[in-house]
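Work the whole structure out from these sequences, hints included.
Keeping their order, the protein sequence lines are chains V and G. Numbered per our numbering, the first sequence spans residues 1 to 327. Numbered per our numbering, the second sequence spans residues 1 to 393.
A few of these clues could be false.
[To be verified] With a straight-line cut-off of 16 Å between C-alpha atoms, the simulated EDC-like cross-links for lysine to aspartate or glutamate are:
hint	chain 1	residue 1	chain 2	residue 2
1	V	LYS102	G	ASP21
2	V	LYS182	V	ASP302
3	G	LYS288	G	ASP343
4	V	LYS102	G	ASP50
5	G	LYS257	G	ASP280
6	V	LYS281	V	GLU243
[To be verified] Quick list of simulated restraints, FRET-style, between CB atoms:
hint	chain 1	residue 1	chain 2	residue 2	range
7	G	TYR93	V	ALA310	21 to 29 Å
8	V	SER175	G	PRO114	37 to 45 Å
9	V	PHE68	G	GLN241	29 to 37 Å
10	V	LYS272	G	GLY212	44 to 52 Å
11	G	HIS48	V	ALA310	50 to 58 Å
[What the hints assert, rightly or not] Derived coverage of chain G by chain V (criterion: at least 3 residues anywhere in the stretch with Cβ under 8 Å from a Cβ of chain V; other residues may be distant):
hint	region
12	23 to 33
13	51 to 58
14	86 to 97
15	207 to 215
16	291 to 298
FYI, nobody ran anything at the bench for these hints, they're computed from the structure. Every residue gets a Cβ at the ideal spot worked out from N, C-alpha and C, and that includes glycine.
Spelled out, the chains give:
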Amino acid sequence: MGIASEALKNFKGFNLKNLPEVEPLSPGHRACQGCGEVLALRQAMKALGTNVVVCSATGCMEIITSPFPQTAWRVPWMHVAFENAAAVASGAESAYKAMNRKGLLNQPDTVFVAMGGDGATADIGMQALSGALERGHNFIYFCFDNEAYMNTGIQRSSSTPYGAATTTSPAGKKSIGQSTQKKNMPEIAVAHGTPYVATCSPAFPIDLMNKVKKASLVPGPAYIHIYSPCPTGWRCGIEESVEMARLAVQSKVFPLYEVIDGVFYLSRKVAKPKPVSEYFKPQRRFRHLTEAEVAKIQAKTDADYEKLLAKCVVPEAKEKEKPEKEK
Amino acid sequence: MSKQIGIEVSIACAEAAGLCDVDVIAAYPITPQTHIVEHLSEMVADGHLDAEFVPVESEHSAMSACIGSSACGARTFTSTCSQGYALMSELCYIAASLRLPIVMAVANRALSAPISIWNDHADLMYARDTGWIQIIAENGQEVVDLTIQAFRIAEDPNISFPVQVNLDGFTLSHMIEPLTLPDKAEVKKYLPPWKPQFKLDPSNPMTLGAVGMPDVYTEARKAQDEAFKNSLPYIEKAWDQFGKQFGRQYKPVETYKTEDAETIIVSMGSISETAMTAVDEMRAAGKKVGVARIRLFRPFPVEAFFTAVKGAKNLVVLDRANSFNGGNMSGAVALEIKSILYDRKHYPKVGNFLAGLGGRDVTVENFTEMVDKVAASKDAGVPVAYEFINVRE
Numbered sequence: 001m002g003i004a005s006e007a008l009k010n011f012k013g014f015n016l017k018n019l020p021e022v023e024p025l026s027p028g029h030r031a032c033q034g035c036g037e038v039l040a041l042r043q044a045m046k047a048l049g050t051n052v053v054v055c056s057a058t059g060c061m062e063i064i065t066s067p068f069p070q071t072a073w074r075v076p077w078m079h080v081a082f083e084n085a086a087a088v089a090s091g092a093e094s095a096y097k098a099m100n101r102k103g104l105l106n107q108p109d110t111v112f113v114a115m116g117g118d119g120a121t122a123d124i125g126m127q128a129l130s131g132a133l134e135r136g137h138n139f140i141y142f143c144f145d146n147e148a149y150m151n152t153g154i155q156r157s158s159s160t161p162y163g164a165a166t167t168t169s170p171a172g173k174k175s176i177g178q179s180t181q182k183k184n185m186p187e188i189a190v191a192h193g194t195p196y197v198a199t200c201s202p203a204f205p206i207d208l209m210n211k212v213k214k215a216s217l218v219p220g221p222a223y224i225h226i227y228s229p230c231p232t233g234w235r236c237g238i239e240e241s242v243e244m245a246r247l248a249v250q251s252k253v254f255p256l257y258e259v260i261d262g263v264f265y266l267s268r269k270v271a272k273p274k275p276v277s278e279y280f281k282p283q284r285r286f287r288h289l290t291e292a293e294v295a296k297i298q299a300k301t302d303a304d305y306e307k308l309l310a311k312c313v314v315p316e317a318k319e320k321e322k323p324e325k326e327k
Numbered sequence: 001m002s003k004q005i006g007i008e009v010s011i012a013c014a015e016a017a018g019l020c021d022v023d024v025i026a027a028y029p030i031t032p033q034t035h036i037v038e039h040l041s042e043m044v045a046d047g048h049l050d051a052e053f054v055p056v057e058s059e060h061s062a063m064s065a066c067i068g069s070s071a072c073g074a075r076t077f078t079s080t081c082s083q084g085y086a087l088m089s090e091l092c093y094i095a096a097s098l099r100l101p102i103v104m105a106v107a108n109r110a111l112s113a114p115i116s117i118w119n120d121h122a123d124l125m126y127a128r129d130t131g132w133i134q135i136i137a138e139n140g141q142e143v144v145d146l147t148i149q150a151f152r153i154a155e156d157p158n159i160s161f162p163v164q165v166n167l168d169g170f171t172l173s174h175m176i177e178p179l180t181l182p183d184k185a186e187v188k189k190y191l192p193p194w195k196p197q198f199k200l201d202p203s204n205p206m207t208l209g210a211v212g213m214p215d216v217y218t219e220a221r222k223a224q225d226e227a228f229k230n231s232l233p234y235i236e237k238a239w240d241q242f243g244k245q246f247g248r249q250y251k252p253v254e255t256y257k258t259e260d261a262e263t264i265i266v267s268m269g270s271i272s273e274t275a276m277t278a279v280d281e282m283r284a285a286g287k288k289v290g291v292a293r294i295r296l297f298r299p300f301p302v303e304a305f306f307t308a309v310k311g312a313k314n315l316v317v318l319d320r321a322n323s324f325n326g327g328n329m330s331g332a333v334a335l336e337i338k339s340i341l342y343d344r345k346h347y348p349k350v351g352n353f354l355a356g357l358g359g360r361d362v363t364v365e366n367f368t369e370m371v372d373k374v375a376a377s378k379d380a381g382v383p384v385a386y387e388f389i390n391v392r393e
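Encoded structure:
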């Protein structure tokens with residue numbers, strides 16, 4: 001049995017009846033209306049509780065939670081720079097490890113979190129993240145993926161999906177928008193031999209919180225990729241944020257799965273997938289796409305999903321057990 | 001018990017960090033710093049030092065990890081130089097502004113291009129404006145002592161700034177020298193465990209590294225500036241106490257035969273030993289020459305420096321890195337010194353010489369040449385600008 005499976009063998013998850021009341025991230029922060037990212041962050045922090053040290057990259061979540069002299073953080077939180085959250089967390093975790101061992105501290109259960117957006121993770125912070133995963137620090141990395149540099153004004157990142165218009169991948173007569181395919185960060189984390197990797201979405205809060213909790217129980221690194229709708233950048237309604245997150249899963253655009261000791265487990269099988277066009281329609285970042293282009297994206301989405309299924313342990317008919325989750 | 005041994009200076013530097021019982025070392029290898037971090041990882045591997053050695057994937061992550069570690073209250077050490085310093089420099093500003101007492105040994109090396117692994121002070125000068133305390137060693141004993149003192153200085157709640165201990169790459173870092181390694185118990189007496197005023201602790205949460213809007217940024221910078229200015233007497237106090245306990249005295253500026261000197265050579269680092277040899281030879285030839293060696297470059301010890309040089313008619317200022325000012329000087333040290341003299345309305349002739357770049361030797365004869373040049377220029381009434389020494393035209 002691998003170290004993650006061993007650590008999770010008696011795992012008892014959250015359910016609607018035992019959700020923690022603790023709010024390590026307080027209300028009153030300055031996120032945009034309808035922000036899916038801060039919703040996901042709140043859920044993740046509720047799952048972790050208060051015995052944590054959080055190291056944040058520069059980005060939306062950093063800016064909106066820490067304008068001096070105010071802070072939205074009720075747990076120790078540190079921001080250093082854009083590209084180095086994983087390295088900062090490496091140092092923090094090493095400090096606790098050394099001081100606990102030397103008797104200078106008695107806090108062996110503190111959880112270390114590094115967090116950043118998709119730009120901080122898949123682009124500028126990729127090296128620091130790769131190093132920290134490879135070295136095996138006992139920490140969790142959260143990538144809040146809103147598929148562009150939203151904090152600086154919706155510029156494309158390597159996590160922006162094919163066809164999406166951003167301010168640096170605009171759609172035009174000679175441009176489809178983003179001309180490259182989305183970088184697959186969870187698979188890159190898996191390739192590092194990371195004991196626990198998962199994808200999750202704020203539209204499925206129990207699933208998200210359970211994955212975060214599991215990540216905290218696994219010794220060694222864990223990588224959590226969190227789909228984080230951004231109405232401001234995706235140009236959809238602020239009330240449609242959670243719906244976008246749900247549709248991304250239902251249309252197979254963003255499948256939910258976890259990888260425990262290298263074994264893939266599909267979290268929920270999409271029995272009756274919605275077409276990607278239904279997911280695209282409310283988002284004006286995709287509105288320039290022709291039917292033919294959407295059809296091509298549909299084909300790629302289907303193929304990618306099949307590829308994922310082929311390597312996954314797939315649960316049977318889980319959706320029927322929890323029909324309230326589906327619309 | 002303290003012991004006198006013959007030892008490579010890099011190894012001695014690592015041993016000194018070990019004597020300080022560091023908790024975390026995060027480092028990335030770069031020539032000529034490698035022996036320092038190799039030896040530290042060896043000490044950890046052999047169980048001689050109870051610390052976490054974090055073998056990071058870059059210098060950028062080295063300083064990032066040091067920041068994370070120090071913010072959690074761990075005594076933290078790293079080492080780098082040159083391109084490595086340049087890569088981590090973004091974080092060096094942040095470490096200083098967050099007031100984290102990280103200690104870093106810099107085995108000074110030239111900056112590219114052309115790429116050069118050899119010694120000069122380009123990295124030292126690159127670090128000049130980061131808000132770190134910068135101390136420069138002349139010999140192996142100083143490397144050991146300054147490393148130990150660095151933690152005491154950095155962790156003093158009246159200071160609380162990171163400290164850079166500079167040692168010339170190869171010409172000092174790779175020398176085998178006779179020196180005294182202090183006794184561990186004595187070091188512990190001098191350097192008690194660090195008690196951070198603030199740290200990342202779940203039982204007492206704090207937010208570190210917050211956003212500074214325009215209504216607070218200037219105040220934050222001014223507070224940092226004042227704290228930095230106020231650190232000088234506490235640095236001197238740490239040195240005085242070291243002197244009392246270990247018998248070796250340290251001052252911001254060291255002088256050699258300056259009392260009656262007409263010309264004073266202003267230098268930093270191991271090259272000062274060559275300068276002193278040159279002074280002895282010139283004195284034997286009847287020239288009144290001395291050396292003022294700047295040990296503490298940041299914060300700059302204005303009073304101590306002015307006191308040391310005010311009697312001289314001529315100053316020979318060595319710069320071991322370009323600053324490309326485009327005007328009539330190219331050395332940051334000379335710029336610094338001229339501004340101090342201007343404030344004091346004191347106008348000796350200042351010759352600025354770029355010497356010892358990228359491993360170029362600076363000989364006793366070169367010092368004589370520089371001293372003569374400044375003197376000659378004065379006699380002829382021609383202003384002394386700057387020039388490269390020992391360069392092929």
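Going through the hints against the structure:
no.: 1; hint: V/LYS102 <-> G/ASP21; in the structure: holds (10 Å)
no.: 2; hint: V/LYS182 <-> V/ASP302; in the structure: holds (15 Å)
no.: 3; hint: G/LYS288 <-> G/ASP343; in the structure: violated (26 Å)
no.: 4; hint: V/LYS102 <-> G/ASP50; in the structure: holds (7 Å)
no.: 5; hint: G/LYS257 <-> G/ASP280; in the structure: holds (9 Å)
no.: 6; hint: V/LYS281 <-> V/GLU243; in the structure: holds (12 Å)
no.: 7; hint: G/TYR93 <-> V/ALA310: 21 to 29 Å; in the structure: violated (49 Å)
no.: 8; hint: V/SER175 <-> G/PRO114: 37 to 45 Å; in the structure: holds (41 Å)
no.: 9; hint: V/PHE68 <-> G/GLN241: 29 to 37 Å; in the structure: holds (36 Å)
no.: 10; hint: V/LYS272 <-> G/GLY212: 44 to 52 Å; in the structure: holds (51 Å)
no.: 11; hint: G/HIS48 <-> V/ALA310: 50 to 58 Å; in the structure: holds (51 Å)
no.: 12; hint: 23 to 33; in the structure: holds (count 3)
no.: 13; hint: 51 to 58; in the structure: holds (count 7)
no.: 14; hint: 86 to 97; in the structure: holds (count 3)
no.: 15; hint: 207 to 215; in the structure: holds (count 7)
no.: 16; hint: 291 to 298; in the structure: violated (count 0)
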